[in-house]
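Starting from the structure of chain A, add chain B where the hints point.
So the chains spell out like this:
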Amino acid sequence: MPITYTSGEQIEVYRFSIPVTVGVPLLALFLQAFLPRRLPFFSIFDLPLLVTIFFAMARRNPISGLFTGAAIGLVQDMLGPYPIGIYGIAKTVVGYGASSLGAKLDVENVGARFLVTTGFYLVHAAVYFTVARGMVNLKLDWSWTRGILAGLANGLLGVALYFVLDKFKQRT
Amino acid sequence: MESVLGRYRNLTILVGVLFLQLLGLAVQVKRSADVEHTRLIRIWAVEAITPFERGLVWAQNGSSNLWHNYFFLRGVRAENRQLKEQIEQMRLEQVRLSEDATQAHRLQSLLIFKEQFIAKTVAAQVIGSGGSDLSRIIYIDKGKNDGMKPDLAVITAGGIVGKVLQVFPTSSQVLMINDQSSGVGAMLEKSRLQGVVRGTANGELVLDRVMSDEHIAAGESVLSSGGDQIFPKGLPVGTVSKVSAGREMFLSIKVKPAADLSRLEEVLVVTEKQEREPVAESGDSRGRAADILAQRLPSVPEKPATVAGANPAGTGAAASDATGQDAGAGEKPQPNGAAKIVTETGTTGGVLKKVVQKPAAGDSGKNGRSGSGTGSSAALSATPNATSNASPKSANSTPKPATAPSKPSSPQSSSQPPATEDNPH
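Chains as they are written, first to last, in the working numbering: chain A, 1009 to 1180; chain B, 7 to 431.
Hints listed in this document are in silico derivations from the structure and should not be mistaken for laboratory results. Computed from a predicted model, the values in this text were never measured in an experiment. Beta carbons are placed, not taken as given, at the ideal position from N, Cα and C, and that holds for glycine. Treat the hints with care, since some could be wrong.
Stated by the list, open to error - Derived lysine-lysine pairs resembling DSS-like cross-links, with alpha carbons at most 30 Å apart:
no.	chain 1	residue 1	chain 2	residue 2
1	B	Lys126	B	Lys150
2	B	Lys260	B	Lys150
3	A	Lys1147	B	Lys239
4	A	Lys1147	B	Lys126
5	A	Lys1175	B	Lys36
6	B	Lys155	B	Lys36
7	B	Lys262	A	Lys1147
8	B	Lys260	B	Lys239
9	B	Lys36	B	Lys150
10	B	Lys248	B	Lys155
11	B	Lys262	B	Lys279
12	B	Lys260	B	Lys196
13	B	Lys260	A	Lys1147
14	B	Lys126	B	Lys155
15	B	Lys196	B	Lys155
16	B	Lys126	B	Lys248
17	B	Lys262	B	Lys248
18	A	Lys1147	B	Lys248
Said to hold, decoys possible - Across the chosen pairs, the derived CB separations fall in these ranges:
no.	chain 1	residue 1	chain 2	residue 2	range
19	B	Arg198	A	Trp1150	32 to 40 Å
20	A	Val1118	B	Asn86	49 to 57 Å
21	B	Gln200	A	Leu1034	40 to 48 Å
22	B	Glu272	A	Asp1114	48 to 56 Å
23	A	Gly1142	B	Gly153	33 to 41 Å
24	B	Thr18	A	Ala1134	19 to 27 Å
25	B	Ala54	A	Gly1142	24 to 32 Å
26	A	Arg1141	B	Phe58	47 to 55 Å
27	B	Pro175	A	Gly1142	32 to 40 Å
28	A	Arg1179	B	Gly252	17 to 25 Å
29	A	Ser1025	B	Gly252	16 to 24 Å
Claimed, not checked - Cβ-to-Cβ under 10 Å is the rule here; a few derived chain B residues that face chain A:
no.	residue
30	Arg15
31	Leu17
32	Leu20
33	Gly30
34	Ala32
35	Leu62
36	Phe78
37	Val82
38	Ser135
39	Asp139
40	Tyr145
Isolated chain A (complex conformation) (with noise of 0.2 Å):
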């Protein structure tokens, strides 16, 4: 799985259609309401955070990576029942990492996407956690091996995802 650091030349920069780039995001939205109760097992994925990191790196721009992850974060929020922002925070130091990632290394491959998903997906739970227990005072007990099962399989499907995704890429 190369990671390879390319030069600012080699950088390709894509950008989304309106109905991709505000469509993509509320589906996520939408599936990750919906499947769990139907399919138990999808709830170990996080669809948003997906879908975050693959914008954030297709347009290596971190203030676009940001935006779109603290947009996607605080509607995630709004669906669930805990202070709104807890996500929107997560996600808005995601979009902001992925894209900055994006930006320096070649990250088209499968290898590499799974790598950069599976950790980022663990920099999320830790940003979540720890403003959900340390600014909001919630009780939630971290387990580790549901957390490194739960990136792995996020990072797996990550790379299917990312595949489908690549679809609605435009060059600028």
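Just chain B, lined up with the frame of chain A:
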């Protein structure tokens, strides 16, 4: 300064966005009732997404119904036969349980216990979840317009599911019992030990606050204790799946939920609970004993006409039996009250008729029931003589049938069997 901001523009914006969100969080946390202050935003989000979920659920149910009701009927006959057998077995079990329940109610009324009953429920369809693995919530398709309120208990036939957390116009958010922030007052069925059932990060249930010196076996049922003021007492929460030493002096008890929380489709929301003292139905067991005894005593030859007249209420064990004064017998369903009256009044037909009708009219429960208790003993003592009184009494009691239906249902069922068994005599 400007050059610094320009140089670190991305980082500055990141910090700014994070700061704003942290500020928003801080405001919500400080107000603590964040739910109210962010209510409008949540309503927008939920109302935007639930119509799609509702539509998908509707379509899914429609196609599922089409398949199951029209195309997938293979094996229905066999299943029907099997279910009928099951019903027969359950009827037998029901008779036994109703006797136990009657006895329990009688004992509870003696202790002036108050019970909580589920008075009204609303069926709801699960249409979605919270979209996060870290919070265990579901959305149901009933909201404020359907009478939903926060903190209502949500259950299934299997057991408890959770409580209503937030209510929107056409949907509600339900916090499931396996969420980390939820807690249910619970007790173990056999040992009656009380604790709190909580969710874990993995979505499992654990029973907290049980001291480590207690002996608890896997497989024991866990019921709601009613202590949380949300779930009525006695609803199934789950069964103990594993017991191990926990932190400090407490046991770590894993509980397998009674309701299948991962595959919820329909749930019941308890919209109304009633607290009332159980009504003693004390007469039944005694009345039943009297019936049984009456059956075992030597019987007199049947007088078909009389029996026919006396039995319309379906009572009559004693009527057709030796229990002549069975006036009482005739009235057996209101049974024993009548028998008691007979012994007290001295049993003339006229008096009997009058007095027996009295409970009939006002026989709404307690009087009849308590009367039956004493009546049964009267019936027992009277049994030996009474043969001569049988016919008059039964004749007099013909109007009685009207009283029979007024009897409570459960007692009825228990007193009926002897009556039907008597007819053959």
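Legend entry - Violating hint indices (sorted, rising): Failing hints, ascending: 2, 4, 5, 10, 15, 16, 26, 28, 29, 36 and 37.
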